[in-house]
Each structure stands twice: as structure tokens, then as C-alpha cells.
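Respectively, the protein sequence lines represent chains F and G. Each residue of the first sequence is one higher than the last, beginning at 1 in the working numbering. Each residue of the second sequence is one higher than the last, beginning at 1 in the working numbering.
No lab work stands behind these hints: they were computed from the structure. Note that the structure is a prediction, hence the values are computed from the model and not measured. Hints are supplied without guarantee of correctness; some may be wrong.
The calculated label-pair distances, taken between Cβ atoms and stated as ranges, are [claimed, not checked]:
1) G:Ala184 <-> F:Lys238: 50 to 58 Å
2) G:Lys63 <-> F:Glu104: 55 to 63 Å
3) G:Asp236 <-> F:Ser254: 52 to 60 Å
4) F:Glu104 <-> G:Asp109: 47 to 55 Å
5) F:Lys238 <-> G:Asp249: 31 to 39 Å
6) F:Thr358 <-> G:Leu268: 29 to 37 Å
7) F:Ile183 <-> G:Lys336: 40 to 48 Å
Okay, derived cross-link-like pairs now, EDC-like style, lysine to aspartate or glutamate, Cα gap no bigger than 20 Å in a straight line [to be verified]:
8) F:Lys351 <-> G:Glu237
9) F:Lys354 <-> G:Glu279
10) G:Lys351 <-> F:Asp249
11) F:Lys351 <-> G:Glu36
12) F:Lys343 <-> F:Asp249
13) G:Lys354 <-> F:Glu269
14) F:Lys351 <-> G:Asp109
For every residue, glycine included, the Cβ atom is placed at its ideal position computed from N, Cα and C.
There are 2 protein chains.
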Amino acid sequence: MKDLKNYIEENKERFLNELFELIRIPSISAKSEHKEDMVKAANQLKKSLLEAGVDKAEVMPTKGNPVVYAEKTIDPNAPTVIVYGHYDVMPAEPFELWKSPPFEPEIRDGKIWARGADDDKGQSFMHIKAFEYLVKTKQLPCNVKFMIEGEEEVGSPNLGPWCEENKELLKGDIILVSDTGMIAPDIPSITTGLRGLSYWQVEVTGPNRDLHSGLFGGAVANPINVLCKMIAQMQDEKGKITIPGFYDDVMEVSAEERELLGRAPFNLEEYKAAIDIAEVCGEEGYTTSERTGIRPSFDVCGIWGGYQGEGAKTVLPSKAFAKVSTRLVPNQDNEKIAILFKKHFESIAPKSVKVVVTPLHGGQGYVCPIDLPAYKAAEKAYTQVFGKRPVPVRSGGSIPIISTFEEILGIKSVLMGFGLESDAIHSPNENFPVFNFLKGIETIPYFYKYFAEIMKK
Amino acid sequence: MKDLKNYIEENKERFLNELFELIRIPSISAKSEHKEDMVKAANQLKKSLLEAGVDKAEVMPTKGNPVVYAEKTIDPNAPTVIVYGHYDVMPAEPFELWKSPPFEPEIRDGKIWARGADDDKGQSFMHIKAFEYLVKTKQLPCNVKFMIEGEEEVGSPNLGPWCEENKELLKGDIILVSDTGMIAPDIPSITTGLRGLSYWQVEVTGPNRDLHSGLFGGAVANPINVLCKMIAQMQDEKGKITIPGFYDDVMEVSAEERELLGRAPFNLEEYKAAIDIAEVCGEEGYTTSERTGIRPSFDVCGIWGGYQGEGAKTVLPSKAFAKVSTRLVPNQDNEKIAILFKKHFESIAPKSVKVVVTPLHGGQGYVCPIDLPAYKAAEKAYTQVFGKRPVPVRSGGSIPIISTFEEILGIKSVLMGFGLESDAIHSPNENFPVFNFLKGIETIPYFYKYFAEIMKK
Numbered sequence: 001m002k003d004l005k006n007y008i009e010e011n012k013e014r015f016l017n018e019l020f021e022l023i024r025i026p027s028i029s030a031k032s033e034h035k036e037d038m039v040k041a042a043n044q045l046k047k048s049l050l051e052a053g054v055d056k057a058e059v060m061p062t063k064g065n066p067v068v069y070a071e072k073t074i075d076p077n078a079p080t081v082i083v084y085g086h087y088d089v090m091p092a093e094p095f096e097l098w099k100s101p102p103f104e105p106e107i108r109d110g111k112i113w114a115r116g117a118d119d120d121k122g123q124s125f126m127h128i129k130a131f132e133y134l135v136k137t138k139q140l141p142c143n144v145k146f147m148i149e150g151e152e153e154v155g156s157p158n159l160g161p162w163c164e165e166n167k168e169l170l171k172g173d174i175i176l177v178s179d180t181g182m183i184a185p186d187i188p189s190i191t192t193g194l195r196g197l198s199y200w201q202v203e204v205t206g207p208n209r210d211l212h213s214g215l216f217g218g219a220v221a222n223p224i225n226v227l228c229k230m231i232a233q234m235q236d237e238k239g240k241i242t243i244p245g246f247y248d249d250v251m252e253v254s255a256e257e258r259e260l261l262g263r264a265p266f267n268l269e270e271y272k273a274a275i276d277i278a279e280v281c282g283e284e285g286y287t288t289s290e291r292t293g294i295r296p297s298f299d300v301c302g303i304w305g306g307y308q309g310e311g312a313k314t315v316l317p318s319k320a321f322a323k324v325s326t327r328l329v330p331n332q333d334n335e336k337i338a339i340l341f342k343k344h345f346e347s348i349a350p351k352s353v354k355v356v357v358t359p360l361h362g363g364q365g366y367v368c369p370i371d372l373p374a375y376k377a378a379e380k381a382y383t384q385v386f387g388k389r390p391v392p393v394r395s396g397g398s399i400p401i402i403s404t405f406e407e408i409l410g411i412k413s414v415l416m417g418f419g420l421e422s423d424a425i426h427s428p429n430e431n432f433p434v435f436n437f438l439k440g441i442e443t444i445p446y447f448y449k450y451f452a453e454i455m456k457k
Numbered sequence: 001m002k003d004l005k006n007y008i009e010e011n012k013e014r015f016l017n018e019l020f021e022l023i024r025i026p027s028i029s030a031k032s033e034h035k036e037d038m039v040k041a042a043n044q045l046k047k048s049l050l051e052a053g054v055d056k057a058e059v060m061p062t063k064g065n066p067v068v069y070a071e072k073t074i075d076p077n078a079p080t081v082i083v084y085g086h087y088d089v090m091p092a093e094p095f096e097l098w099k100s101p102p103f104e105p106e107i108r109d110g111k112i113w114a115r116g117a118d119d120d121k122g123q124s125f126m127h128i129k130a131f132e133y134l135v136k137t138k139q140l141p142c143n144v145k146f147m148i149e150g151e152e153e154v155g156s157p158n159l160g161p162w163c164e165e166n167k168e169l170l171k172g173d174i175i176l177v178s179d180t181g182m183i184a185p186d187i188p189s190i191t192t193g194l195r196g197l198s199y200w201q202v203e204v205t206g207p208n209r210d211l212h213s214g215l216f217g218g219a220v221a222n223p224i225n226v227l228c229k230m231i232a233q234m235q236d237e238k239g240k241i242t243i244p245g246f247y248d249d250v251m252e253v254s255a256e257e258r259e260l261l262g263r264a265p266f267n268l269e270e271y272k273a274a275i276d277i278a279e280v281c282g283e284e285g286y287t288t289s290e291r292t293g294i295r296p297s298f299d300v301c302g303i304w305g306g307y308q309g310e311g312a313k314t315v316l317p318s319k320a321f322a323k324v325s326t327r328l329v330p331n332q333d334n335e336k337i338a339i340l341f342k343k344h345f346e347s348i349a350p351k352s353v354k355v356v357v358t359p360l361h362g363g364q365g366y367v368c369p370i371d372l373p374a375y376k377a378a379e380k381a382y383t384q385v386f387g388k389r390p391v392p393v394r395s396g397g398s399i400p401i402i403s404t405f406e407e408i409l410g411i412k413s414v415l416m417g418f419g420l421e422s423d424a425i426h427s428p429n430e431n432f433p434v435f436n437f438l439k440g441i442e443t444i445p446y447f448y449k450y451f452a453e454i455m456k457k
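Just chain F, with the same shape it has in the complex (with noise of 0.2 Å):
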């Protein structure tokens, strides 16, 4: 690739400047009041991807929020790359935690620290720096089509309808994402499999109004007991989780292919070390990596309900609520468990409590074959930048539209990420380091040149 290096050296000022300025507009999918932002970021992208060099760009409408699409036509005969990211991001609430406001990004320590730095809008800009490069030393050996969507952070509930009514637009051999991460800065990775979600709200009702606990404690339900009684029998002193027919579709995993996946480094000392933990814990007879990357798990992402205030108030309270998830492997369909999740806990409520289940949320799992000559064209491009061969992971996160692009467009995706877990994504604090940044565009331009010629043979 010619040039590449001193490309990327004498433009890296300019490129973290038009990362800032997407990186400005908080474009919060999950906040009905960003809907503004979400406009915003969609129209900068177009512009960034414009002055790249697509041959055009359209901000287009969903039901949701809009998706930027742009292409570029070198050869009807050449194979055709979609890239896919996001343009939107997790709220970032709890804002005391943060050490620089989560939208004004800023470099400390060789990081950039704001919300989105890499999840996703950090990583979908490498793409688009990457393409630039390309076009402008006329190097570009693939058509490419960019697909950058607005919801991917609540489920992405339009893409698909979206993919299904522009089939003929996302022709393509294989799409191209950049939204997870790598073992280590020095040790490079392709996930090779992701979670699947499914996430409900629950809300649980006793009484019709807040109640004293002294004169009504002990004789009627409280609801947050008894979310917390739901909640608990959810799991059993296995680990397992108790919705009968939960693992009926799980992929077992051959004990050889636990053995190949077993290979990719990990200290437990320094895992528990990261984040402060005496202990890890899971599903019995599993390791860390297998707990998060073969097998299902059960979270709740958030509760409440009651008093929260300071000090003491003695309330027995209406309701109580939880944000309630499990991540899902193949073969699990989203929508089955969902069924099976909201008829089990209505069925272990007791007839003291009103509850509801509202779905919000899900996604199918996905696998990558490692035999597939996209991965392969990957795994040289690492091994061309980094100097070592790419580990094939498995994730325990969930891109839910990974597993219906292949499903609506029939196209598998092979995920380039270049984050790392330090990075914390979806929590306070969030960073890219500049280093995984710019190793991202001087990667990518290799996956295109040895697609290419792979597809060619």
C-alpha cells in the first residue's frame, strides 16, 4: 500500500478533528429527546463520506432513525465491500463518574475520552479514513458500499426493514464492521462469534399506592420483595438459568473447539485485577472466556423502585421495576426466548402482585466460519500491520443486525474491531486509544487489497 504510513502521519490531526466534531453532537438512541441529534450526526456523516470521495451519499429515512448510505463504483466486475457501523451511542448517565464531559471529547494519555470515542462512531471513522486513503492515492480495488445506521444501540428495530426494501442498493460480497475489540494492543483479534439479546422491562405492582410499612408491613406483598424473590429464582446454584426450554436450541460447543478457543490468552489475576473483583463467577463448569463467549447469561441491567432518597422513609411501595437481559448463542432465536422468559416470570408471580413484561429489546446470535475467504483477507491484514496472526474470539456481545444481514441479504460479515476492553464502552469514561485509532486505518486498506485479490482466484 503505497504511501499509507505517511498518509495517515501527515493527516492524523485532521482526522481526530472530524472525528470531534461527530463525536460532539449526542446522538443518544435510547433518549426519545435526541431526536434531533440523531438528524445531525446522520447529515455529518454524509459529509465526511462525501469529501472521502463516495460517488454519493443520502441521509435515508426509517421509521427510526435515518440510515447514511454511500457508495463508490470502481469496476461492476470487482467484488463489492458494505461497510456497517453506527452512528449512535449509549446514553451516559451516571455523568458524576466521568472525568471530562462525555461529549466534549478530549486527548489524555494517548486516548480520546467521550462516549462513542470507539463504540461506534470511533471505529465507523477508521472506515471512512480508510476509504479516503484508498480514493485518494487511487488504490481502491473494491466497490464499496457504506451502511451506517442510528439504532444499533436500542436493538437496531429498522435496519432490517430497511435492508429487506433496498436488497437490490446492498448488493454485496460481504459486509465489513468495525464495532468490537481486540485481545490487546499487541495482540490482535477477529470475533469470529457474538451473543444474541433479548431485554425486558418488568414492572411489578402490589398495592394501588404507596403504603406505610409499619401498618401494612408483613401482611401485604411488597413489590420490591417479590421482584427480588422473581428475580432470584431466575438462576438456579448452577448458574443455570431456570426458564424451562432456555437451552433447548443452545449450540453445544465440541470439547475440541473449546480447546482451539481455550488458546486465546487471558490472565484471570489481571481479569479480576481490571475491575477490582476477588472472584469471578458464572455457569458451573465453564471458563471465563466460555462463560461470555459459548454459553447464555442472564443480567439485570437496572432496577428501582421505592424510596431513594436520603435517609430512612418507611414506605411499602406500589411498584417496582427492573431492566432485565440475557444474552443468547447460536441456536437460540431472540423471539422464542422472549415468549419463554415472559411466560415463566408471570407464571412465579404470586397471585398477590400484578405483573408486567414489556419486551424492549433483541437479537440473534451470530457465528463466522474461519474458513471464509473475507476472514482470511482479514487475518492477512492484521498479520501485514501487526507483524503477528490474528486469534479468532468469541464475543459475548451482541450486534443483533449481524445475524439478520444474513438473514434479509443473505451476506455474511466479518468483524474487524480494533477497541479494547479497557476502553469501556457503555460505561462512564469511555476512550479509543489514538494508537488503535490510526491502526485501524492502516489496517483496513489491507483487507481491501487481499479481498480482492483472493475473490479474484
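Knowing the structure of chain F, use the given hints to seat chain G on it.
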């Protein structure tokens, strides 16, 4: 009692206006930002007491909120009644459920609507107005001392020490309290038992920061999942509290006394309909009245952790919190229970989390014998005004200071409450029927009359 009904009829508008002035001061003891309102409310009460005819009134400092003390001596040989009440109120959250602002009292449907309308500004004020009547009409048969504190809703932490320091000042024959309820407007009752209270905040910490629930879920303990499991373990299938030693000191009530208490009118269907629940629930082997009257209970008054906003945030939070309380019965000791709880709660925590238990509040239970002279006087007073003999009841609520009075001052208390269950104390839309407010003012003078007569014998 000469002219009593006329006096009330002629002055009731003024009584209400004076009470409203007190209610408008948001004297919320649980919140430190209301520190100045506490002093303001105390001074307002001092003014009311002086106008009602006490010899002297003082706002006496404590380490916390001041105590309003006032007295009138008619004869050193006459019996002395100490009136106890409190001018602090509960927090008013959730505000959005109030039909009129909590600190802007108004009368609708014959009721005063406001925080403190009943508990305990309204009920304390009845005593000041009953006293005013007795003084103005020159019929006061007892010496009277007023002791109105500002920390009842946070467990009266400084009233015990204040009593200790003012033992001489507080010599008396009985403590008279209106901080409880009656069964119905036409069924007068006297509270003969109160439950104790032990109240804690618990904090469960998992990882040192919020984590991505996909990348870590299933391998790292989720503090909400863990907290729910710990709370669920606090009660067994029969509704018994599982803290080892918890029931050791519980005063078991004889079958005979249970039969007597069971005579108090109670309609389960009306009870359930009033709070819109399909079923009551509680400790096996006890009736609803017994569950709140003679048995301890375990209630989570508040819980929070993780994401509580709109939509779905996939987070494995760092921390989860709960406000946890037990109501205690004679002879359980709240400090002993606090130690047992802390020890047990910490012992059931898995090693994957850290647990902190902070005591917030505590008080002992209380029993008033029905052969006490003051009980007899109260019984006669109600019979006089309501035309029927009052029912003795065991309340589920707590007034922790009542047992402290007995310990420190060696004086029993009589609980002449005029509130109703529908007054929604501690809840949004607290109210107090004007009927009950005026009936209280009418009944209290008879208590003084009969108490003086009984004590003379």
C-alpha cells in the same frame, strides 16, 4: 365540659388556618436541605403554644432539630400530663402523584390534603387547640407539659439524650400522644401496641465500574442479581424471616389475647379492595391483623441500581443499593436485631461482591396495659364523645421514642389517635378529615377531666 362544642364550632375556621400555617413549612427531617424549615416550624409551634395559654414556651436545641417545650402549672398537687407530638414530616416523593401540592394545604371533600395533615402536624395541633379551650374557659384540671420534637420520622435520634438531660423538667404522670389511627370514623380505638423498627441501607459492589453486559455478563457477578438473591433469602417459603436468632426474643401472644384482638372489626374484602390487591400475603399461621399487630415483618422500602431511564441500556452495573427494614414486636431489641442482620447479610454475600450495611434508623416496640389509669381515662373520653367504647388495637406502625420514654423517664404513654387508614400517611395525597381533627379537639379535654378524676381517687 362547658361550652366545648360551641367553642369548637365558633373557632374552627381559625383552628384550620393556624394549622395550615404550620403545614406550609416543609419540615422534612430526612433531608438536610430543610434544616432551616425545622427551626421555622419549631418557632411557629412556640408561637401557637404561647397564644393558647402556656406559662412558658421554649425552642430547645439538640444535636439535631430542636424540641419545642412548653408548660402550664395549675397546681403542684394536680396530675401532670405530658403531650408528645412531632412537627417533622416524611419526604413527599413521588410528587407527580399528588393531586394538590404537598405543602399547600387545601380542603376538598371534607378533608385537609397535605403532607403532615395527619402525621403529625394535624394530630399535634388538636392538642394545642384542646388545651386552648381548657385554658380560655378556665377548666384545665391537670398540669400540662408539651414536648414536640422534629426528628420522629428519622427515628428520634436526639430526643432520648434530650430527655436524659431534662429529666427534672419532664416529671409527669402520663405521656399523651396522638400519632396513631382509629379503626373508622364511627369506631374509636386506642392503640395498645406499637412495633419496633430496625432500618438499614445496603450497598452491593461488583466490578469497580459499570461493564458491558455482553462482554462480561455470565462471568462477573452482577450486583443487582446478587442483591436480589440476598434479599430473596431473607424470608423463607412460610414468610418467616431467616436471620438466625431473629425470633429469639419475640413475645408470643397467648391464644386468649389473640382471640380478644381478633374481635376488632376487620373486613378482608374491603381491605383488599381499598388497596386493589387480589390476595394478602404474609407469615403462615397468622391473620392479616396479627401479621401487622403482633408479628415482625421484613420490607424493602427502596431499591436502585444500573440503568433506570428510557429504553434499553445493556449494562452490568458496578453497584446496587437497597433500603431494608424490619418491624419488630415486644421484646425484640432493635440494636440486637441490627447486629444480627448485619452479620447475617454479610455472611450470605458471595465472595464475588463487596457488601456494606449502614444502620439508618431504629426503635423498640411498646405495649400499653389496658388497666392503666390513663388508658381508662382515654376509654371514658372516647365513650363520651363517640357514644361507644373504644377498641384496643395493636398497630403495625412504630413510634420508637415511646419505649425510650418508658426507659428514660419511667413514664407510660397512652396513644389516642384520630387518624384513619385512608389518610395515606407517608404516601402521596396524605389527608386528614376535618371531622376527625375536630373530634380530636372535642375528645382530648375529656381525657384531662377523667384522668384528673381517676388520679384523685
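Broken hints, by number: Structure breaks hints 2, 3, 7, 10, 11 and 14.
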